[in-house]
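S.K.: As they're listed, the protein sequences go chains A and B.
Numbering that gives the first Met the number 0 applies: residue 0 is where the first sequence begins, and numbers increase by one.
Numbering that gives the first Met the number 0 applies: residue 0 is where the second sequence begins, and numbers increase by one.
Since the hints were made in silico from the structure, they are not lab data.
A quick note: this is a predicted structure, and the numbers were derived from the prediction, not measured.
Among the hints, a few may not be true.
[Unchecked claim] Quick list of simulated restraints, FRET-style, between CB atoms:
1. A:ASN273 / B:LYS2: 45 to 55 Å
2. B:LYS440 / A:PRO117: 50 to 60 Å
3. A:PHE62 / B:ASN443: 19 to 29 Å
4. B:ASP109 / A:ASN273: 31 to 41 Å
5. B:SER226 / A:PHE110: 53 to 63 Å
6. A:LEU237 / B:ALA431: 52 to 62 Å
7. A:PRO5 / B:CYS111: 52 to 62 Å
8. B:LYS437 / A:PRO5: 31 to 41 Å
[Claimed, not checked] Computed list of chain B residues with no C-beta within reach of chain A, every gap over 12 Å:
9. ALA29
10. GLU63
11. LYS127
12. ASP424
13. LYS439
[What the hints assert, rightly or not] Short derived list, chain A residues pointing at chain B, Cβ under 8 Å:
14. ILE105
15. SER109
16. VAL153
17. GLY155
We treat Cβ as the ideally placed atom computed from N, Cα and C, and that holds for glycine.
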Amino acid sequence: MLTISPSPHMHSGESVKKLMFGVIIALMPAFIVSVIYYGIGALIITVTAMLSCAIFEYLIQRFILKKQLSLTDGSALVTGMLLAFCLPANLPVWLVVLGSLIAIGIGKMSFGGLGNNPFNPALVGRVVLFVSFPVKMTSYPDPLQKWFNYTDAVTGATPLSIVKEGIRNQDSIPDIMARVPDYLDLFLGKIGGSSGEVAAIALLLGLIYMLARKIITIHIPLSIILTVTVFTGILWILDPVKYADPLFHLLSGGLLLGAIFMATDYVTSPMNPNGMWIYGIGIGIITVLIRVFGAYPEGVQFAILTMNAFVPLINKYFKPTRFGEKPINE
Amino acid sequence: MYKTFHKGGVHPAENKLTAESGIIDLPVPALVTIPVTQHIGAPARVVVKKGDNVKTGQIIGQGEGFVSSNIHSSVTGTVSKIEKFIDSSGYNRLAVEIETSDDEWVENIDLCKELIREITLPRPELLKKIQEAGIAGMGGATFPTHVKMFLPQGKTVDHLLVNGAECEPYLTSDHVLMLEKGEEILTGITIAMQVLGVTNAVIGIEKNKINAIGYLESHAAKYNGISIQGLKVKYPQGSEKQLVKSILKREVPSGGLPSDVGAVVFNVGTMFAIYEAVQKNKPLIDRIVTVTGRSLRSPSNFRVRIGTHMADLIKAAGGLPENTGKVIGGGPMMGKALNSLDVPVTKGTSGLLILEEKESRRKPIMNCIRCSKCVSVCPMGLEPYLLMILAERRFCELIEDCHIGDCMECGSCSYICPANRPLLDYIRLGKARLRELKRKKKEN
Chain A
0 MLTISPSPHM HSGESVKKLM FGVIIALMPA FIVSVIYYGI GALIITVTAM
50 LSCAIFEYLI QRFILKKQLS LTDGSALVTG MLLAFCLPAN LPVWLVVLGS
100 LIAIGIGKMS FGGLGNNPFN PALVGRVVLF VSFPVKMTSY PDPLQKWFNY
150 TDAVTGATPL SIVKEGIRNQ DSIPDIMARV PDYLDLFLGK IGGSSGEVAA
200 IALLLGLIYM LARKIITIHI PLSIILTVTV FTGILWILDP VKYADPLFHL
250 LSGGLLLGAI FMATDYVTSP MNPNGMWIYG IGIGIITVLI RVFGAYPEGV
300 QFAILTMNAF VPLINKYFKP TRFGEKPINE
Chain B
0 MYKTFHKGGV HPAENKLTAE SGIIDLPVPA LVTIPVTQHI GAPARVVVKK
50 GDNVKTGQII GQGEGFVSSN IHSSVTGTVS KIEKFIDSSG YNRLAVEIET
100 SDDEWVENID LCKELIREIT LPRPELLKKI QEAGIAGMGG ATFPTHVKMF
150 LPQGKTVDHL LVNGAECEPY LTSDHVLMLE KGEEILTGIT IAMQVLGVTN
200 AVIGIEKNKI NAIGYLESHA AKYNGISIQG LKVKYPQGSE KQLVKSILKR
250 EVPSGGLPSD VGAVVFNVGT MFAIYEAVQK NKPLIDRIVT VTGRSLRSPS
300 NFRVRIGTHM ADLIKAAGGL PENTGKVIGG GPMMGKALNS LDVPVTKGTS
350 GLLILEEKES RRKPIMNCIR CSKCVSVCPM GLEPYLLMIL AERRFCELIE
400 DCHIGDCMEC GSCSYICPAN RPLLDYIRLG KARLRELKRK KKEN
């Protein structure tokens with residue numbers, strides 16, 4: 000008996016599982032750095048988030064949706080890991096579990112599971128926690144304390160909140176910058192912040208890995224980074240006493256984690272390079288607007304969720320450049 | 000400097016198992032089935048009757064209408080049946096079955112292997128020879144060559160491009176032909192240049208055939224205006240529009256033909272057939288077919304008489320392996336799966352691929368994860384995921400606005416999809432539904 004099927008008769012061997020585990024590998028450098036800086040707390044919240052995301056996905060598919068299980072594709076683990084990366088490492092376990100339930104239950108499964116959710120599930124989880132438990136979600140542990148410090152870790156301000164606070168007190172940027180860790184510490188992540196967002200170098204390693212494996216393309220991270228650089232650069236040139244420089248904006252807060260791992264989430268980002276540019280520019284602009292002119296010190300999470308909402312429109316109005324679209328060119 | 004096109008494309012495992020093996024002449028089989036439709040266009044009119052004795056090279060089907068092609072007997076023997084047979088496309092089509100006897104060729108065919116470089120005939124005679132020989136595009140599209148050479152009014156062509164890219168994995172029929180019949184191909188190109196009245200010809204060859212590039216380059220100097228262009232290995236570079244883009248950096252407009260940007264594209268196999276038709280008076284009655292597959296005992300490149308059954312080819316390559324799941328006429332990306340081995344080789348058959356059972360099964364379909372890989376590999380810049388959704392939900396009018404007509408069915412989207420979605424299947428369905436809609440509109 001010969002099998003009959005239409006062409007092509009060959010497959011690349013690429014699979015959702017391989018892509019998702021590729022993302023997890025790309026997240027490993029940031030994970031290792033978080034454990035070095037924040038000790039057992041980072042380990043606890045990451046493992047808790049990954050496990051509870053997987054368990055909630057299983058339970059919801061098995062008992063509520065009663066459909067085929069898709070747990071093996073690894074996407075719940077990616078969501079869990081990303082969620083943990085944007086939480087403070089001293090967050091109690093029950094809040095991490097609650098965040099996972101919101102991320103998977105509301106962010107993902109309520110829309111029909113992988114492929115159907117309009118918003119990045121990990122960010123949905125984080126934002127709900129952020130709005131509901133503002134104090135716990137903004138008291139970040141200082142790096143390099145005793146390894147076994149978890150919820151009892153000493154907390155401090157993040158570079159972005161130091162700047163926001165300083166501006167509020169009408170200090171000048173050069174004065175504020177003297178209180179902020181230097182660029183090398185920012186680059187290496189030796190600062191306060193969410194567990195996985197701090198080390199620029201680890202996140203960039205992850206980016207290089209994902210580009211080499213062709214898991215993502217450069218369009219989204221690059222457009223976000225360029226937009227933030229240009230926008231904050233203009234402000235900085237106009238008034239360096241009032242506005243921080245672009246390098247500070249790039250290296251602080253969740254910008255790189257967001258640009259590299261959150262905004263590039265397949266399901267919630269545009270489907271072609273032209274759309275990706277628009278989306279990335281939008282995220283960059285909203286991030287800077289919130290950071291510089293808004294009430295919160297950090298705006299990446301809201302910027303990405305806002306642009307997630309625009310993705311269907313972007314897909315509709317920004318189409319890929321077709322072959323032979325232009326009449327005739329020599 | 001190796002060139003390529005830059006929009007989309009994939010690089011499947013090359014699997015060119017037969018690149019090192021030369022051309023083997025397959026013995027004339029006991030029975031051949033020669034379809035009268037081996038080309039795009041009108042079927043040829045059968046000019047023999049049951050019981051007739053025919054010689055090798057004798058015309059048995061007369062091309063009818065403007066777009067059609069002559070069909071010749073590839074063997075000597077007796078016409079045993081003229082009826083409908085299933086061909087490799089799966090359709091029931093009229094064919095002439097001939098039981099073979101001792102090989103006896105029509106007198107004026109020159110069987111001597113000696114190379115004839117000098118072209119003596121005037122231009123109209125050349126075109127007539129090509130038409131009489133029944134040549135159709137041998138890369139697989141099988142568009143009648145003499146029709147393609149007849150340029151529409153107002154179109155001027157400055158470049159003849161010869162397709163030696165052979166971007167389909169596994170296939171090596173063009174590769175070995177370039178190595179063994181390089182000068183014949185160059186002479187064929189010179190003939191085609193004279194017919195078309197162009198002074199530049201470029202042979203595009205992917206760099207996994209580096210020896211063919213070297214061999215043709217070493218001989219091209221003897222021929223005026225022919226150059227060789229090495230290309231990076233990328234699928235679907237053998238597609239006309241992609242090849243024009245790779246070599247000339249010109250982009251054929253949507254819905255247009257290469258002649259819209261001053262180029263015309265032919266396959267190297269077609270050039271060899273032109274050489275044989277003009278210099279040797281030989282009609283197109285045989286071709287090179289790569290018989291390949293990892294499970295096959297001796298994958299080979301055979302010179303095969305048109306009409307030979309696939310079963311004979313497989314027997315010559317060591318027999319059908321136990322664990323065979325799929326037999327494909329053509330390459331793995333665009334070839335057609337056969338449901339029977341008793342279908343004949345035709346003018347467009349470039350290969351026969353045997354896939355093992357485990358390679359033949361498709362993996363379970365998952366939700367689209369919107370990774371946009373299908374969009375990024377589409378060489379035409381389309382949105383396969385969207386076309387699939389629209390086809391599935393019968394949004395036929397929207398599907399036309401999404402330029403489904405530009406799709407050449409290269410299969411890069413289905414090949415890359417990590418969720419194993421049958422994108423191309425649904426795009427074909429969408430095309431069919433669009434045709435149906437247009438027909439209904441016309442009727443109303």
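S.K.: With reference to the structure, classify each hint as holding or not holding.
M.R.: Consistency of the hints with the structure:
no., hint, result
1, A:ASN273 / B:LYS2: 45 to 55 Å, "25 Å, violated"
2, B:LYS440 / A:PRO117: 50 to 60 Å, "36 Å, violated"
3, A:PHE62 / B:ASN443: 19 to 29 Å, "52 Å, violated"
4, B:ASP109 / A:ASN273: 31 to 41 Å, "58 Å, violated"
5, B:SER226 / A:PHE110: 53 to 63 Å, "56 Å, holds"
6, A:LEU237 / B:ALA431: 52 to 62 Å, "60 Å, holds"
7, A:PRO5 / B:CYS111: 52 to 62 Å, "44 Å, violated"
8, B:LYS437 / A:PRO5: 31 to 41 Å, "22 Å, violated"
9, ALA29, "23 Å, holds"
10, GLU63, "30 Å, holds"
11, LYS127, "33 Å, holds"
12, ASP424, "5 Å, violated"
13, LYS439, "25 Å, holds"
14, ILE105, "18 Å, violated"
15, SER109, "15 Å, violated"
16, VAL153, "41 Å, violated"
17, GLY155, "39 Å, violated"
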